[in-house]
Amino acid sequence: MALLHTLLLSFGFGLITASILAIAAVGLSLQFGITNYINFAYGDLLTFGIYTAFVVNQHLGLNIWIGLVIAVIATAILAWLINLFILRPFTDRGTSPIIMLVVTLGVSLILQNVILAIFSEQFQSYSINTGTPLTLGPFLFTPLQLGIIGLAIVTMLGIHALLHYTRLGKAMRAVSDSPELARISGINTRLVVNAAWLLAGGLAGLSGVVLAFNVASFTPTVGFGFLFVIFAAVILGGIGSPYGAIVGALVVGLATEMSAAFISSEYKDAIALVILIIALLIRPQGIFASRGRA
Amino acid sequence: MPTWIFYLLTLAVFGAIYGTLALGLNIQWGYTGILDFMYIAFVAVGGYVTSLLMLPPTQAAFGETYVLGLNWPFIPALVVGGLASALLAFIVGLLSLNRLRSDYFAIVTVAVGLVLYTIAGNDTPLVNGWDGISGIPQPFQSTLNLDANSYGFFFLGLCLIILIIVYIFSERLYRSPFGRALRSVREDEMVAEGLGKNVFALRLKAFVIGAFIAGIGGSMLVIYVDAFNPSAWTTGETFFLWAALLLGGSANNRGAMLGALIVPVLFAEITRFLPTFGSPQVVDAFRYIAIGILLILTVRFRPQGIIAEKRFRVRKSKLQRLESALASASTGVQITDTDLADNAGILPDGNAPLQSEEGKTL
Amino acid sequence: MSSETRQNEREDNQGDRQGRPHPITGTATMKRADKIILDARDMVKSFGGLRAVDNCSFTVTRGSVTGLIGPNGAGKSTAANLITGFIRADSGNILFEGKDIARLSIHHIARRGLTRTFQITRELERMTVTENLLAAPHNQLGESFWPGLLGLPAVRRQEDENLKRALELLRDFDLYHLRDEYAGNLSGGQRRLLELARVVMTQPKLLLLDEPFAGINPVLASRLSDYVEALCKEKGITFLIIEHNLAMVERLCNTVIVMALGRAIAEGTMAELRQNPAVVDAYLGEG
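Chains as they are written, first to last, in my numbering: chain A, 1402 to 1695; chain B, 36 to 397; chain C, 405 to 691.
Some hints here could point you the wrong way.
[What the hints assert, rightly or not] In silico DSS-like cross-links for lysine-lysine, where the CA-CA straight-line distance does not exceed 30 angstroms:
1. K637(C) <-> K568(C)
2. K351(B) <-> K568(C)
3. K639(C) <-> K568(C)
4. K345(B) <-> K240(B)
5. K345(B) <-> K568(C)
6. K353(B) <-> K439(C)
7. K639(C) <-> K353(B)
8. K609(C) <-> K568(C)
9. K503(C) <-> K637(C)
10. K639(C) <-> K609(C)
11. K609(C) <-> K439(C)
12. K503(C) <-> K609(C)
[To be verified] Which stretches of chain B does chain C cover? Using the computed rule of at least three CB atoms under 8 angstroms from a CB of chain C, they are:
13. 198-208
14. 321-331
Note that these hints are calculated values from the structure, not bench results. Yeah, the Cβ is synthetic: ideal placement off N, Cα and C, and Gly gets one too.
Use the sequences and the hints to build the structure in full.
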């Protein structure tokens, strides 16, 4: 009975992790689907979002929700700038995906360590009121955690609307499915790529801030550590498929949290890594493959 | 001995060890085009296994718990350490090299490296967890019984011998048809397959060989540092070596050794002289920022590295020897240069012509 | 099906007992089983819902220069990829010198003597022209780890022989002066020649050329054609050439296979094919 109780509790936690993960995974999946290379710096974009909100919250003394909005916008702009000044010189000359990975690795090193140099490796946290935990059936959530889940759902709906009801969204789907065909059809791929980076950056910033909501404290390496959990969700769900990313996030989020009922919690992250490895070995195109690319 | 000699000695040892590590990575990346982000894990595995073989059994140690502990002599322990890394590479490569394109494979390697890192840190009875191991018997010291200063030079000598052996091995490999087959896989694996090369087998071999060298180098590293725990082999360390190889010159062994000298050794030492801003982690941060910038600049402006890959030229002496045996035309049909007039002079996609280390172009 | 029953079936396909041409294949002569180097039977390949190759069967005679033509979307490229192992067939058999290669990997097929060129030339860019040729032969002892590392005398002898052959080929193709140049620095026409030279270096039994005459000036095309003919006569290499340039096909190929909608619809000389209503339909229906 105690086990069931623990499982249900951790299921609840899993939902929260899945929510945080889903926001990030959708962003990464969209960006990867459109640009066709892995972005090693994505986790550090989350970190950037976290610390932007931190500065707004702690140094400017503003409400954390304002910090969240500013973080989303700032990270979106940063991602767009990184693409414009660092990545585009490479992609314009047709650099291979492997080399692009190395370049994004360089970006990751710079971004992560600039933040580290400014804020040091101390543990920080937001001043935020989580509210008292509510008991909903077998689950235990604070209002803040419920807010995270709600935010994730709203974001997913927004992405869905973007992809299916706007011209830009449809263009993004076209480029992700088949870039050559999209180009021939007259779609402005440059614009789509820029939009993808803005969107991915914004989602990363958002995911980072809600991640920071959910943990007791954070350091400048928290985003990079989360990166492989995000990879697990994205690969599992299938590159370029935002819906796959959501499913992947659910699976990974639930698996990591509920595994804590059986094994030591230090290995939680390792569970995500194992899922990632197995997904890559068995079905690298993911559950919802948009195009088989592995 | 005076401090500055000791300082130079330390630099030399690290230079030799990192040089060895860079040579191993070069076989994977420079020769074969394998993106391996768990290279540092191979270094660690080799280092751990060799040390654990040489250490006395756990009960005899003070507060350290680990497996093995068999009091082995140096050379067998070294070889087995290398083999342990090779075995790990074999397993990882066997399962993933055939199925995944290069960047996905890189992700798998990071993931495996991180999992190993987590296990090593948390499963304390294995390698003493986050505290790590220390007190490793120094090679040959029990027989030689040198004083601390002299032993330092002796150890340097050992490292240099290993470096030279690995260098000669790598060079021979490069010049052989095997090395040429590896490079054909690097250039275009579909073409290589179409020419009858078993690309999977070649990649796996390169991966395993590189890992073996990593294990050997790692053993020397762990023995020298004599205090080895998981924080010494985070993924960041692989990127350090990467930057070294990329900057020095991939596919060129002298370039690899040069890079190993410049990036880990010089970098680490130069920042020592910078005013300390804050904690050691912050100083580390500047190092990594520099590495990141270096990576991007190198890939953008000098992807072949400082010392570029050597160009294969057919030697005049060989030509003269074969000259007499060469028929003027084997089939009686010759295609002359004028036929190429329409297509002449167009270089691929407008990039700068490829250059060899002498800087000569078409 | 044993090769005997297959041969009987083939005889049936050749024509009725009066020796009139068969209505579909158009051929009036028999092909003997031992003269067939490649026998593709009922190859099927689907991509998603699309059947790119749909029960495609044809044969290639040893020592011939056989063309493979057809309108766009006929499945020629897919068939070529199936034969050389770059794509795995959903079903069917592909007999090369009597043995089924349909399930073999690319490098196994290549080692048996079936190699190919690519539509868009692919060279080993950061290796020199000479190295591109030296990399080509597949039975190199030195490509195994230990013999290569130790530099055994046998390895060195093979290297010398291969170098000699490579330099001879470079002379023939007038690429000799570029022998130490990086393949990536070659012009388009030079790359085309290099790719052909490289694949000749493999000493193949059957060589599949994928649109070798596309985008080349007519003089060069004519020379290449002469070269292919000479290689066929002197070295006994069988050629299977996918081409859209029907003039070159007519000049060079003694037999031509026509594909349309994923299957082989006719086989014969160009003259015969011109009379074949099914062939005319396939091409005209396309326009």
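- Kindly indicate which numbered hints from before are broken by the structure, ordering the numbers from low to high. When the structure is compared with the hints, numbers 6 and 14 turn out to be violated.
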